[in-house]
Every structure is written in structure tokens, then in C-alpha cells.
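Protein sequence lines, in the order shown, are assigned to chains A and B.
When we follow my numbering, the leftmost residue of the first sequence carries the number 1, and every step to the right adds one.
When we follow my numbering, the leftmost residue of the second sequence carries the number 1, and every step to the right adds one.
Any given hint might turn out to be false.
Said to hold, decoys possible - In silico DSSO-like pairs for lysine-lysine, Cα to Cα no more than 27 Å straight-line:
#1 B:395 - A:17
#2 A:17 - B:399
#3 A:20 - B:174
#4 B:161 - B:255
#5 A:20 - B:395
#6 A:22 - B:399
#7 B:132 - B:149
#8 B:324 - B:395
#9 B:174 - B:399
#10 B:212 - B:327
Stated by the list, open to error - Per label pair, the in silico range of CB-to-CB distance:
#11 A:79 - B:52: 54 to 60 Å
#12 B:27 - A:59: 53 to 59 Å
#13 B:47 - A:79: 53 to 59 Å
Read the hints as simulated data drawn from the structure, not as lab findings.
Ideal Cβ placement from N, Cα and C applies to all residues, glycine included.
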Amino acid sequence: MGNITFVEHSGEQHSVKIEKGKTLMEIAMNNGIPGVDADCGGECACGTCHVIVDAAWLDKTGNTSDDELQMLDMTPERADSSRLSCQLTVTDAMDGMTVNIPEFQM
Amino acid sequence: MNKAFTSIKESMGFTPGHATIKAAQFLNNTKSKLGLTRPFPTFIETPIPDVDTLAIEDIDVSNPFLYRQEKWQSYFKRLRDECPVHYQKNSQFGPFWSVTRYEDIMYVDKNHELFSAEPIITLGPVPEGLDKLEMFIALDPPKHDIQRKAAQGVVAPKNLKELEQQIRTRTANKLDSLPIGKPFDWVENVSIDLTAVMLATLFDLPLEERGKLPYWSDIVGSTPEATGGVGVDNNQVYEACAELLKRFSLIWREKEAKLAAGEELGFDLISLLLKDENTKNMINEPLSFLGNLALLIVGGNDTTRNSMSSGVNALHEFPDQFEKLKKDPSLIPSMVSEIIRWQTPLAYMRRVAKQDVELNGQIIKKGDKVVMWYVSGNRDERYIQDPDEFIVDRKDARKHISFGFGVHRCMGNRLAEMQLRILWEELLKRFDKIEVVGEPEYVQSNFVKGFSKLSVKLTAKQS
Chain A
1 MGNITFVEHS
11 GEQHSVKIEK
21 GKTLMEIAMN
31 NGIPGVDADC
41 GGECACGTCH
51 VIVDAAWLDK
61 TGNTSDDELQ
71 MLDMTPERAD
81 SSRLSCQLTV
91 TDAMDGMTVN
101 IPEFQM
Chain B
1 MNKAFTSIKE
11 SMGFTPGHAT
21 IKAAQFLNNT
31 KSKLGLTRPF
41 PTFIETPIPD
51 VDTLAIEDID
61 VSNPFLYRQE
71 KWQSYFKRLR
81 DECPVHYQKN
91 SQFGPFWSVT
101 RYEDIMYVDK
111 NHELFSAEPI
121 ITLGPVPEGL
131 DKLEMFIALD
141 PPKHDIQRKA
151 AQGVVAPKNL
161 KELEQQIRTR
171 TANKLDSLPI
181 GKPFDWVENV
191 SIDLTAVMLA
201 TLFDLPLEER
211 GKLPYWSDIV
221 GSTPEATGGV
231 GVDNNQVYEA
241 CAELLKRFSL
251 IWREKEAKLA
261 AGEELGFDLI
271 SLLLKDENTK
281 NMINEPLSFL
291 GNLALLIVGG
301 NDTTRNSMSS
311 GVNALHEFPD
321 QFEKLKKDPS
331 LIPSMVSEII
341 RWQTPLAYMR
351 RVAKQDVELN
361 GQIIKKGDKV
371 VMWYVSGNRD
381 ERYIQDPDEF
391 IVDRKDARKH
401 ISFGFGVHRC
411 MGNRLAEMQL
421 RILWEELLKR
431 FDKIEVVGEP
441 EYVQSNFVKG
451 FSKLSVKLTA
461 KQS
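If we strip away everything but chain B, and leave its shape as in the complex, we get (with noise of 0.2 Å):
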């Protein structure tokens, strides 16, 4: 009891892991008093010329605009057809490969030993000290497989099994609480909340405390140097980190002492991390925890949340086909991998080639940045038929990019799956009609696909 309170007691005050944020934070203060960072990029929204308009070598798809002014289909259309690999030499992230058809993507995710995924996959980099955190998704085999095991548990299908009813009766009551008749803001009030909460589930956070993980989120996975994104300090990256990474060293020292005193712990994160031969001692290793941590609240939030607007807004745009929907609700699974194909959430994934590499005619050179744009192979006509239909029942469905393929794998996708679900079976329970009133919003970035803002409609199911 003693040992348990002295352990809380420290993870409130300076931890290990608080201390190399720290560190980090100061180490870029002082360096940027001096002029030796990287200067700030600032992004100013202009209008994107079309791209007939562009000599190819000049089309730059890191636009953190494109989707905002949806100049990304042609953009994306022409590189495939005439330059299917296609390099920019001087874009504000520095020059960069492009790879848009899904089958050369499919090849530079497969082949992991030619095309390194470190140390970061956005474009851009983190803050200094930052790119020091330990996230499996950004880390090469044979240490990638080791760290990634060990946290997959979480989102595993047995543990989703244990978790779903709780997510469908927090879903439900989201739902019931909604205005009927009047607009809302769909993004704020149901997709970032109810990602939150689902999160929040999965974490074993208490509910109250939900709206931290979006905003933990959103600091940590904008930044403009990296994405595009909306400016945020460096110093509020650091702040966050260190929030974060505070919250949930206690959180651990809680479970860790229910577990010495013999009490059973839940299927939430920290309790399978502390059950884990292999994870049991984390807290120690504050660079992996942070790191793991801040991956699967970044990876959790973006994604599933605009998965969420965007299937509400592709059903009001092809409204026969949520007409297909009613009659037949057994289609929310193969509409829930349509959508995941249709937003395609986050845009693409980053990797460094490991060696010279011919790929569709052109040699990349050894240390070039290579981005792999799931957004441009999920509509690649050579690969899905008809791919600017949003189609419910589409044929092969699960054959999207938006997951990756290869050991980078979207490691979350049954959990992303089953929110969708859960919300399509909820909301055909209540709703009749839901409609898109006043233009969607779009976020600035050029990683995150999604929306800012999404007004809605409810009308009520007659019973």
C-alpha cells in the first residue's frame, strides 16, 4: 500500500519521461534564442492553378490545400495517367518521390527492407528531441515487430469482443442526445466526440476527461513543419507530450497497484501493457511509452473521426444509395470498408529508400523521400472499377489502400471497423433522414484528409 502511494506519488511529479520532453523543450528554446533551428513554415491559402495548366514537373501534391479546394482527384488523375512516379524537386517539404498508382504502392509497402519507414512517415519532421519517440509505425523490422506486438492486444478481436457493448451503449447515448430538426455541427458534436469517448473506452480514461485526447491529438499530429497543418508553438507540442505522458504514467501506477494487490484488471491499453511479460516494466523506457501512446491516440483520432463525417456526407451526395441502405442494413459492413476507400483518412505514408531503386521507369535514389498516396491508389481506375462511385455494396469492398499493407499495416483496422459499424446500426435504428445542409469544411494538411466542419440534419425514424 506504502510502495503503491510513494509510485503515484512520483508519476505526479518529475518523471523520467517528463524530463526528456523537458529537456528536448529547452534544447530547442535555446537553440532557436540562437537562430539554429529550422525556420517556421507558415502556410497563406491561395488559389491552386488547375493542373492542365502545370508543366508536370511542376505539380506539387503536398499542398496542404489540395483537398480544402478539391483540386486532389485531377491532380492525383494526371500523375497517374503521365507520370504514375513523379518527382518534385523543390516543394516546401523538400523534394519528394511520388507514388500514385496502387499497385506500385502496394510494391513500396511490401518491400519494407528497400524502403524505410524512419524515422518519421509524414513529410515534413516532428520537433526537435520529438523524433527521439519510439512509434512502431515510424520503426523498421526487426525492432518494429517486437514493439508492435506487444501493444496489438488492445485492438485485437477478442478484446474488441469484450469492449463493443460498452461502445454501443456510449454510442446510443451520444446518438439520443442529438437535436432533431435543427443543425449541428456533425464534426464537433458526434465524430470528434464519439471518437473521444471510444478512445476514451479504450483507454480506461474516465469520460469526463475525453476532449483531452483529440486535443492531445491535434497538437501533436498538425504541426506545420511535418503535415501543413494549422501553426501551432513547438513549445504547445512539448507542453502536450508532457501532459500526456504525465496522465498516463499515473493511470499506470493506479493499475499497477490494483495488480499487487491482487485485483483483476480490464482489457484497456495500460492494463494489457502491465499484463504483458514483455511490457510490464514501460514506464521505464519513457521514449516507448510516450511514443505508443501518442500513437494510438493520433492514430485513433484523425481516422475514425473523419471516417464519420465522410459517411454521412457521401450518403447525402449519393442519396439512391442510402436508399440501398435502409432496405438493406446487412450492407453496413461492406458500406463501412467503402467509406474507409472513399475518405481515405489519412492521405499517405512516408518512407526513405534504403538503396537505389528502379520502380515504374524511374530510379530512386538512395535516401529519397518516397510517399506512398493511398489517396490516389484507392481511386486508381487500373485497380477499382468505377472508383469516384461511393458504392455500398461494392464488389471487394476490403480491397482499399487505406490501411497500408505490409508490416505497417494499419494495426487498428478491426477497431475502426467496428466504431463504423456500431455507428451505421445505430443510426439506421433512429434516423430517416440525415442531411448535409451548407458546405462541408476541410482541414489544412496535406497528410490528414478530413473535415473542419460538417452541418446536419436529423429527421427521426417513424415508428
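With the rest of the complex left out, here is chain A (with noise of 0.2 Å):
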């Protein structure tokens, strides 16, 4: 058992633990983290639950699927680590881990 931890926009950190085999964003989701919408459900299909991996973190997210980087193009908040949390299964290598949720979803 380990923790994660989300930053928002604001500056403002949510450390939760972590539940393998469950999604990043359904984890935040259970935490009523604020700043990810997920309005498809899991679906990889809105991008709305866009997170930034802190790079460091990256290489233990997994890969991206094409059908996932097409959905990322449309954010305007894109950036080099993000990630849609729907995509990103949590394992306890992730334990320590920080993402930030980006200023805006859409």
C-alpha cells in the first residue's frame, strides 16, 4: 500500500493510496479529487480526465495508445507528460508518484 499524490492548479495536494488495479482516474474519482470531469466514463473518448505526470514518473505510467495520444492533441493543456488517467492502470510501482491536474479540462 502506497500513496499518491494529485496537486491542482491551485497549489493544493490530495494524497490518497493507492488501489491496484483500478485506474488513476477512477481513484480520483473515489477521492472526489477536484479538476478531473471524466464525463465518457473511462472510455478514452472526452479527455477530461487530463492529467501531467511529474516526468520523473513517466516511464512507470505505461504506454500510450495512439487512440489515447489523438485524445490528448485536442487539450490546449497539453504537455510532454501528460497522460489520461482512465488510460494509466495504478500498480504499487507507483507508490510516491505526484501528478498535477492541468488548470482547465475540455
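Two independent chains are provided; combine them into the complex using the hints.
In C-alpha cells form, the structure reads like this:
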């Protein structure tokens, strides 16, 4: 059991417990993290669960599919280490990881 | 200075885009005289039978009077329950498949490599020549992605933040001018005008010219051939396009001259296109330029307009929800999503199968038209609890399908939400009651689900 920290655009931090096998989006939802909408419910079809992973942790988050890249392309908030949190399955290796929530979801 | 002046002069006259539209119009008229054009459909309203009296294969949800006669709920419910992927083989718009359940719609919307958005997203075609307009809503990747990316900045939340105060002031001015205690048409006075005010803000079109925006939108976006709308002559469509292009070419040249003179540009659409490396020469590609303008004008008009009317009508039908909202205005954002679900101002988007696809037990053949009925998905009992209830604090209110999903998801969704949020914030500050007096009237179309008239009487808030 470890923790992942969500950082809101305002700087406010939320540390949440890792639930192995769940997606990062589900964990954000279960913990009521503000700034993650997830309108499509995890289908990789809306882009509103966008997070920016701390670059040092990016290689722990697995592959990014073409579909995900295409959806990420649709947000002007995109950064180099952007991911859709619904496409990222949480593992123990992510203990200590920090992800930033962009100012806006689009 | 001299150069800028010449540019402005050029755009007043015969621009390349102008010539393209004129050529299409000429070709269409010549063919029409020779009897070579498609027959122009007219739709005469007759009572729509109860769905229970029909054989399943005879159900035709492309009837442009389905919403006006309030038959859409029963028609789509029967399809969802008995034949969720349904083939209508001889509608006035030709044969088409209807996809009516939320999950199936999501599947079609997501799989753009199986279902193409080209050449057009309405059931029927647009006037000849205008199908060459490049609107990214009706383009597949990769072309879609490039064009959308160029335009999306104007409705990006960062940009909207810059515009919010201006839109709020303009909304407040509008609401302060409304009559109290006296019935008036909400559609014309508020929904249409306020939508035009906001689009004019977005395009930096002088406010006194804003009436042109709904005028262009209604002509370009509601031809009988495409959606079963009230008839306008094809010539009117060509002329509206030419006029629109001319006006915005002039704005473009003015801003271009400012930019060349070292002045700061604003956050409006044309300024953003001019400032973007990929789009700074878009005026030289008239089919793209006009396509993008038409898309944003049509996309921004009917949708917001009808959501503005729908919210008033829904809270009138569900007075307990209005009371709940007044007690807790922090519910406005959630209610805004619920209004957009409840109304589903654009009833569907069309696709064409790029290969044979099996969907929910049916084989859709390559080349078949496939219509994703968002209006049905938003009332799918399998996905949404009590879908026929309007609930201002609905759990998961954002999970409606009105914006579509996948690469074509509505680009202006955050603008729409902001416009509606501001409207309701300002309404609640001023009025205690917003009564609907008289039967609402509905638009003739199978695409736009909207109000043509909504008589309303306001009661001022006791201060």
C-alpha cells in the first residue's frame, strides 16, 4: 500500500491510497479530487480526465495508445508528460508518484 | 499603410472565396435549368401515428415533425427496447441505420476508423458545391485533427476566462432590458439574441451587426434537403455564404493591418487564427476559411439558443427543481449539464460505415449511413437513471451524450457551459419566477431539436 499525490492547479495537494488494478481516474473519482471530470466514464473518448504526470514517473505509467494521444491532442493544456488518467492502471510501483491536474479540462 | 488599404479594398470585391461560391451557385442554377439537380423535397406536416400501430421496419425517425408533435420519446423508446440498431430503408433521406442506445452510440462515435464523418454529418446532403467546404466536424483524421487544433484556441478555457466578464456584462444588460409582468417571446428576445451577442463577442463582430449571425446560421444550417427544415431556396444559401465570407474577409484584413502596424490583437477567433503559425494564411484557402466560420456559427447558434429556452421550459415543468435551485444556486453548473442532456439540442450526428461492421446483432454494410441518435442515448434507461426526470442535482450529470464522444466531441462545450452558467447566475439574481405562459412551439427539423416560440412572464425578485 502506497500513496499517489494529486496536485491541483492552485497548488493544493491530495494524497490518496493506491488501489492496485484500478485506473488513476477511478481513484481520483473515488477520492473526490477536484478538477478531474471524466465525462465519458473511462472510454478514452472525452479527454476530461487529463493529468500531467511528474516527468520522473512517466516511465512507470505504461504505454500511451494512439487513441489516447489523439484525445490528448485536443486539449491546449497538453504537456510533454500528459496522460489520460482513465488509461493508466495503478500499480505498487507508483508509490510516491505526483500528478498535476491542469488548470482546465477541455 | 498603403498595402493594408489595398488588402481591405480587395476583400470588399471579388475575393477568391467569393468566386468559388459564385461558381458553385452558377453550376447549380445551370444544372437546375437542365433538370439535372436533385429534386427539392418539401415536407408537409401530417399527424404522426402512434408508434404502437407501426411495424418495426416502418418506423421512420427522420420525420422532421417528430419533436414538434412530441412523438420522439415513444418512437425512440420502442427502437431502444425492440430494435436498438434499426434499418429504415426508404425514408425521404434515403436508407439509413439508427443507433439508439447509449453504449452503441459511444461505440460508433469512438471508432472513427470504422465510421467516417465525411462528407457531411446531417441525414441529407448540402447544396452542390458547398460540400467542398472544409468543416472539421465532417473530416476524418488526420485532416480533422490539424484543422480542429487550429481553431480550438478560441474556445479554450484559458481564452474563455478572458471573455467571461464581457459576456457577463452583456448578458446582464440584456436581462435588465426585459419586461416584468408582461408576456414576451423568450426565444426571440433572449435565446436568439443573447446567443448572437455572445458569438459576436467571440468573433469581435460589432454588436449592432449581431443579427446577421442567426440569419446566416439559420439559412446555412436548416436546408430541407439536409435536415427536413423549412424550405429556403438554394440561391439564398449560396448568397448567405458569399455574404458571410465577404464580411469576415474584411474583418480579417482589418486585423491583419493592425498586426502589421504592430498593434496588439485580441482573443477573438480571427485574431487567434492570424496569430497562429498554421492558420495565419487561412484567408487564402477560402473553402477552409468559410468552412470553419460556418461551422462555428452554426455550431454555436442552435445549440446554445435551444438550451437557453429549454432550461426555462424544464424548470417550468418541474417547479420543485426551480425551488431547489433557488435555495442553492451552487447547483447551477450541474443543472447546466442536465439542461444539455434534457434538451439534446442537436438530435444526432451521421456517419458512413467504412467497412462491414456488426453492431448489436446487425450487419451494417460498407457505405451505409449510420445515424447516432444522441437524443435517444440521453434517455436510455440502461445508462441513465430516471432519464425522463429533470433533476438539477443529478448525480453524474456530466455523463450525457449531447456533446458526442471521441475525436469529434463538441469543441465548444466549455463555452456552451459558461454561457448557460452566466445566464442562470444572472437570472437568479433578478427574477423570482419565470413562468411559461402558452404552449411552446417547436422547430421543424430532424437535426435541430429546438423551440421556435416560448412565451414567458417574469416576476422580479423582492429585494
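We went through each hint and held it up to the structure:
1. B:395 - A:17: Judged against 27 Å, a Cα distance of about 24 Å means the pair holds.
2. A:17 - B:399: holds, 26 Å
3. A:20 - B:174: Given pair residue 20 of chain A, residue 174 of chain B is violated - Cα atoms ~53 Å apart, limit 27 Å.
4. B:161 - B:255: holds, 22 Å
5. A:20 - B:395: holds, 26 Å
6. A:22 - B:399: holds, 20 Å
7. B:132 - B:149: holds, 20 Å
8. B:324 - B:395: holds, 15 Å
9. B:174 - B:399: violated, 31 Å
10. B:212 - B:327: violated, 39 Å
11. A:79 - B:52: 54 to 60 Å: holds, 55 Å
12. B:27 - A:59: 53 to 59 Å: Roughly 57 Å apart at Cβ, these two residues keep to the hinted range, so it holds.
13. B:47 - A:79: 53 to 59 Å: holds, 57 Å
The structure fails hints 3, 9 and 10 (numbered hints given earlier, in ascending order).
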